[in-house]
Amino acid sequence: MTVIDYRITSKEGFDPKIGELISMLEHTRSVTMEELSEISREELDYVDGPGGNTIGSLLMHIAAIERIHQILSFDERDLTQDESDTWGKALNLGEEANKQYHGLEAAAYLEALQEVRSVTLASFSRFSDQWLQEERKWGNGVSHNFHYIWYHVMEDEINHRGQIRLLRRKYRACSN
Numbered sequence: 001m002t003v004i005d006y007r008i009t010s011k012e013g014f015d016p017k018i019g020e021l022i023s024m025l026e027h028t029r030s031v032t033m034e035e036l037s038e039i040s041r042e043e044l045d046y047v048d049g050p051g052g053n054t055i056g057s058l059l060m061h062i063a064a065i066e067r068i069h070q071i072l073s074f075d076e077r078d079l080t081q082d083e084s085d086t087w088g089k090a091l092n093l094g095e096e097a098n099k100q101y102h103g104l105e106a107a108a109y110l111e112a113l114q115e116v117r118s119v120t121l122a123s124f125s126r127f128s129d130q131w132l133q134e135e136r137k138w139g140n141g142v143s144h145n146f147h148y149i150w151y152h153v154m155e156d157e158i159n160h161r162g163q164i165r166l167l168r169r170k171y172r173a174c175s176n
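Per the working numbering: the sequence shown = residues 1 to 176.
Please note that a few of the clues may not be correct.
Claimed, not checked - Each computed DSBU-like pair below joins lysine-lysine, with the alpha-carbon atoms no more than 30 Å apart:
no., residue 1, residue 2
1, Lys99, Lys170
2, Lys17, Lys137
3, Lys170, Lys11
As the list claims (entries may be wrong) - Here are the computed distance ranges between Cβ atoms for each label pair:
no., residue 1, residue 2, range
4, Met24, Glu134, 18 to 28 Å
5, Tyr6, Ala122, 36 to 46 Å
6, Ser84, Gln114, 17 to 27 Å
7, Glu135, Ser175, 47 to 57 Å
8, Ser175, Glu12, 39 to 49 Å
9, Val47, Ser84, 21 to 31 Å
10, Val47, Pro16, 42 to 52 Å
11, Arg41, Asn92, 16 to 26 Å
12, Lys137, Glu111, 29 to 39 Å
Quick caveat, the hints were computed from the structure, so don't treat them as lab data. It should be emphasised that the depicted structure is a prediction, and the values quoted were computed from it without experimental measurement. A virtual CB, placed ideally from N, CA and C, is assigned to each residue, including glycine.
Produce the complete structure using the sequences and hints provided.
This is the structure in structure tokens:
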């Protein structure tokens, strides 16, 4: 069992605000990883009725959201066709994602999450707090900044972690 740090601190090697954001992202991920301890392949593949998502699909969605937001913020571009093909099902969730991410062991999902996170950490080291606050406009004219984009990555993971907890409880209730 990993001991989770319940402090938001500025991580060394980053500007202060970016370091604090990374501290929050890492805390969020630590809690998610703790939630996955001793998860079975059957739990990863469990679907709670039509239209539902598996835990495996939700984990790949978390990785996909982070990858997409890396592209949007660090590269400031849209996805290529190859990237859409790689991440599209996980991003959109649903039956297609459940089919694609079925029968995998937890290690496959954890590796995907770790690979994406390592790119996030390496990329953030190239940017400043000033960049974090730079304003941009979406195609529809709505303003945003990179701080919001990364808040959304964290928010999305927390939301789906709640779904994962619920699915694990339902699976355990059904299998008893």
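Hint check:
1. Lys99 with Lys170: OK: Lys99 and Lys170 at ~20 Å, within 30 Å.
2. Lys17 with Lys137: The given pair, whose Cα atoms are some 22 Å apart, holds under the 30 Å limit.
3. Lys170 with Lys11: violated, 37 Å
4. Met24 with Glu134: 18 to 28 Å: Because 20 Å falls inside the window, the suggested range holds.
5. Tyr6 with Ala122: 36 to 46 Å: Hint violated: Cβ distance 26 Å, outside 36 to 46 Å.
6. Ser84 with Gln114: 17 to 27 Å: Since the Cβ atoms of Ser84 and Gln114 sit about 23 Å apart, the hinted range of 17 to 27 Å holds.
7. Glu135 with Ser175: 47 to 57 Å: holds, 50 Å
8. Ser175 with Glu12: 39 to 49 Å: holds, 44 Å
9. Val47 with Ser84: 21 to 31 Å: Distance hint for Val47, Ser84 holds at roughly 25 Å.
10. Val47 with Pro16: 42 to 52 Å: holds, 43 Å
11. Arg41 with Asn92: 16 to 26 Å: Hint holds: Cβ distance 23 Å, inside 16 to 26 Å.
12. Lys137 with Glu111: 29 to 39 Å: Taking Cβ atoms as reference, Lys137 and Glu111 lie about 36 Å apart, which means the hint holds.
Of the numbered hints given earlier, the model fails hints 3 and 5; all others are met.
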